[in-house]
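Starting from the known structure of chain A, fit chain B onto it as the hints suggest.
Protein chains: 2
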Amino acid sequence: MKHASRPVVLSLIVAALWTAPAAAQTTAPLSFETMEALQNAANGKAGPRIVPGRSIPVPDTVSPALQASIAGPYRVPNWNANPKSATEWKQLVASLADAGAAARQAMREKLGVTIEPTVIGGVKAFILTPKEIPPANRNRLLFHVHGGGYVYAPGESGTPEATLMAGIGGFKVISIDYRMPPDFPFPAAMDDAMAAWKAAVGMQDPRNMAIFGTSTGGGMTLAMILRAKQEGLPLPAAIAPGTPWSDLTETGDTYKTNEWLDNVLVSYSGVWSHAAQLYANGHDLKDPQISPIYGDFHGFPPAILTSGTRDLFLSLTVLTHRKLRRAGVEADLQVFEGMSHAQYNFDPDAPETKETFTEIARFFDRHLGK
Amino acid sequence: MKHASRPVVLSLIVAALWTAPAAAQTTAPLSFETMEALQNAANGKAGPRIVPGRSIPVPDTVSPALQASIAGPYRVPNWNANPKSATEWKQLVASLADAGAAARQAMREKLGVTIEPTVIGGVKAFILTPKEIPPANRNRLLFHVHGGGYVYAPGESGTPEATLMAGIGGFKVISIDYRMPPDFPFPAAMDDAMAAWKAAVGMQDPRNMAIFGTSTGGGMTLAMILRAKQEGLPLPAAIAPGTPWSDLTETGDTYKTNEWLDNVLVSYSGVWSHAAQLYANGHDLKDPQISPIYGDFHGFPPAILTSGTRDLFLSLTVLTHRKLRRAGVEADLQVFEGMSHAQYNFDPDAPETKETFTEIARFFDRHLGK
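For the protein sequence lines, the chains are A and B, in the order given. For the first sequence, numbering that gives the first Met the number 0 begins at 0 and goes up steadily by one. For the second sequence, numbering that gives the first Met the number 0 begins at 0 and goes up steadily by one.
Careful, some of the hints might be misleading.
[Unchecked claim] Ranges of calculated distance between the beta carbons of each label pair, as one might list FRET restraints: (1) A:Gln276 to B:Asp59: 19 to 27 Å; (2) A:Asp204 to B:Thr33: 50 to 58 Å; (3) B:Pro28 to A:Ser30: 48 to 56 Å; (4) B:Lys109 to A:Glu131: 53 to 61 Å; (5) A:Glu249 to B:Thr33: 53 to 61 Å.
None of these hints come from the bench; they were simulated from the model. Ideal Cβ placement from N, Cα and C applies to all residues, glycine included.
The shape of chain A in the complex, shown without the other chains:
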């Protein structure tokens, strides 16, 4: 080592210490000067970005309620499940759905929202109705498509976002319970969504309607508009794709940069990559009905998109936003500090939750007829 040059020594240190998870709570961090030298050496020429392992504090720039969500441990087994059979998938999905039943009931009570099962266009659904509907919203109807990676959140367990929108925004909401794999892979979910949409536009003037949903529900919202355009069906007056899973192929920078940082999705290599394959069932993941980012967004209704700075799907959100804008579509973007994927749907008491749905409600109010 005596004759090794400084860059060589640095690269040996770098190589020896590479890519492991950080554990700052047990070890003292390196000095800035050491990090500066190591990082400059590792990033001294063009190429991939080399970032060090780190312990990242909970930000104090969000509400205490959101701080608690950000501090939360990884959601095991939600994020990393790897069921080996249809039976195992169904057991997992059912147990996760059951686990949240009391919280969903409490959320409805807190927000004064009632739930009623229904069938629309042959598709199972729920109607969420707030205690009071403001006069401007009485002839308006929102159409909700739930998230959950095309595998999670069947039945009533798919309705929390619809509850938040109904309660905070003061809208009547239909939330569809579309069929999912393993029994019903693509295109069953989209077939159900379109059958329900065709029936819904018979219930209310589509100019007074909006479609919204988060994650998988955001992707399906976009795919529904593509398919409605193709089939010559009426479009809604506005859409709100929240952090949409608009690309199932792990394409997008934050699939990498926010990996292990997002405490909801954590990593595409967990359950989401399995769910994508299970849903697509051999179809090309780049089919715009599966990954709508590959579709043509011209003629889309005005859209409002929501994400967070720690969201694994932040790239999908901003890429979708930019593509809508380039297609001449009016599109608003809101990005919340420190939020991981879809975290605005989790805590009805967080001010950021109220802010999210108030903004979406204002956007709908601007674009929907009365």
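Showing chain B alone in chain A's frame:
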């Protein structure tokens, strides 16, 4: 070790490998299953987020030109300079300014923009004029405040963003050359900006004017509105604070999450922390004239904000956006895939540069009188 439990073994591995820069180019990455176990163990209870060191590829979801910017090495010595005296500061600032002179000249020629030095309200400035000004913009005037951490980009070297706005948007732009430390700390820069603004509103109807700037220039844009409100001066019809340095105190989640990932600013602990102290010169960094995020945004003109997913100031941008919205201000947000801090100002040939300024020009067109 024989009797160590699995969590203990994991935490020993984690501790042994902690927080060093990754060097994926020299070592094989760990398997997903290993990462899953280590990361679940490290993030199994509420608290700070433990993220591993990684090699993050250049995204293929942006233009080739932006890919080249994203791939680029850290900007040494821009990001990590640590001058020990006023003389050293001046030498550094001058040498960086000189280094870009030919590129700035080429940019003006490419965009057909001419530059003319002037003095406005006793403040040195430059007038940037595009070859053609569309009829709608002939009675409009934009006011530009350059960035550079309150230390970089004196004189003509502060004008590239003004050139891009003039050339791409087709506006006449005044770009002010405000005084900076070490000779002129706070409030000299703001005094100059306000003196120039008072003179500018005598040149054109402020309803036909907008103020814009990036980073320090974005922070100053916000501070100018706070001060204009306080002093009862006319406000512009719109503002465009790009990735604004609205908080000099290292408050905001992406100061941490995007540290070492942003290849422009890299880390607050580099030159920026020194520049903040040099500028504030003993004043409270939370003074709203220094960190405008602590000011009252009610009554602000419509604003459009721009950032990127790798930007160290992404949090400052979205926190500013949210605070404007909560104050009832019309505020648009655009976030570009993979971009580090202010990277939309760097390459006139990148489609994302054109997109950024076209969006800002459209926003101005919507809000400025003719």
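Of all the hints given earlier, name the ones this structure violates by number, lowest first.
Hints 3 and 5 are the ones this structure does not satisfy, whereas the remaining hints hold.
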